[in-house]
Structures are given as structure tokens and as C-alpha cells.
Amino acid sequence: DKAVEPENIKAVGGDDSDSDAPKTKKSKIRKGDKVEAKFKGKGKMYPGEVYSVNRDGTYDVKFDDGDRDKAVEPENIKAVGGDDSDSDAPKTKKSKIRKGDKVEAKFKGKG
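In this text, residue positions in the sequence shown follow our numbering: the first is 567, and each later residue adds one.
Treat the hints with care, since some could be wrong.
[Stated by the list, open to error] Here are the computed lysine to aspartate or glutamate pairs in the DMTMM-like style, where the Cα-Cα straight-line distance is at most 20 Å:
#1 594 <-> 631
#2 608 <-> 639
#3 600 <-> 626
#4 644 <-> 670
#5 636 <-> 670
#6 594 <-> 615
#7 600 <-> 631
#8 604 <-> 630
#9 610 <-> 630
#10 644 <-> 615
#11 610 <-> 622
#12 597 <-> 622
#13 597 <-> 626
#14 610 <-> 631
#15 672 <-> 622
#16 608 <-> 667
#17 608 <-> 631
#18 604 <-> 639
#19 672 <-> 626
#20 608 <-> 626
#21 672 <-> 631
#22 644 <-> 633
#23 636 <-> 615
#24 604 <-> 641
#25 644 <-> 631
#26 610 <-> 639
#27 610 <-> 626
#28 628 <-> 615
#29 594 <-> 626
#30 604 <-> 633
#31 604 <-> 615
#32 636 <-> 667
Think of the hints as simulated: they come from the structure by calculation, not from any bench.
Throw the hints in and build the complete structure from the sequences for me.
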């Protein structure tokens, strides 16, 4: 069904286990997430976006000012905008469901 209402859908598997993606203390950071990170591990946190999640557990971050760091350590990065406050978007019980996530849904709102 292409028009499943948010209240009729839920994520499957509890922790959204991606064996390739490293786990973080608070939530899993994924490609495309808005973050704050320390550039080259120094100084203050700067806003940016995760360009890729590296196999060694580091992150490739493109900062809003145009700089890029290809190996940000997990302790030097944090997700921002945790609640994704889109006033039009309905709220779900768990985290945001993304393309590729395994889900269970009620077909045509039944079941």
C-alpha cells in the first residue's frame, strides 16, 4: 500500500540493527543526518551533515561552511534536531522510519 497512515506502521527489529553501522551512545547516526562535530577533533562543535559512515566507526562530515573531515571519531560528533520538528509531519512512537527500514504496516488500515 502506498498511502499507509503513520499510526498504522511501526519499525521491526527494535534497534534497527545495521551490522555495518557503528552504534553511538544516544542514537544511531546515519548518512544524511544533520550533526554537530569537531573539525579535525579540535575546538568547538560545528554544524554539518554526515556524508558517509565509515567501516572503522568514524564519520565523513561535510560542514555547513564547506569544510570536510573524512574521519570524525564518534566521541566528536552528535546528532542535532533529535525530534525532527516538522509541524506537518505526524509523530511516531519510535524514531524516524527511513527508506530501506523493515516495517510492519496495516494494509488499508485494517488488521
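So if I understand the rule, the pair passes when the alpha-carbon distance is 20 Å or less; does residue 604 with residue 641 pass? 9 Å, holds
Given the hinted pair residue 600 and residue 631, is their alpha-carbon gap at most 20 Å? 14 Å, holds
So if I understand the rule, the pair passes when the alpha-carbon distance is 20 Å or less; does residue 644 with residue 631 pass? 17 Å, holds
Does the structure keep residue 610 and residue 639 at a Cα separation of 20 Å or less? 14 Å, holds
Hint consistency between residue 597 and residue 622 [alpha-carbon to alpha-carbon, up to 20 Å]: 15 Å, holds
Is residue 610 close enough to residue 622, meaning Cα to Cα at most 20 Å? Distance of about 23 Å is beyond 20 Å: violated.
Checking one constraint from the list: CA of residue 608 to CA of residue 626, max 20 Å. Satisfied? Cα-Cα ~16 Å, so holds.
Restraint check for residue 608 with residue 631, where alpha carbons must lie at most 20 Å apart: 16 Å, holds
Does the alpha-carbon distance linking residue 594 and residue 615 stay inside the 20 Å limit? Since the Cα atoms of residue 594 and residue 615 sit roughly 14 Å apart, the hinted pair holds (cutoff 20 Å).
If you draw a straight line from the CA of residue 604 to the CA of residue 630, is it 20 Å or shorter? 12 Å, holds
Given the hint that residue 604 pairs with residue 615, does the C-alpha gap stay at or below 20 Å? 12 Å, holds
Does residue 622 sit within 20 Å of residue 672, going by the straight-line distance between their CA atoms? 38 Å, violated
Hint check: violations occur at hints 1, 4, 5, 11, 15, 16, 19, 21, 32; the rest are consistent with the structure.
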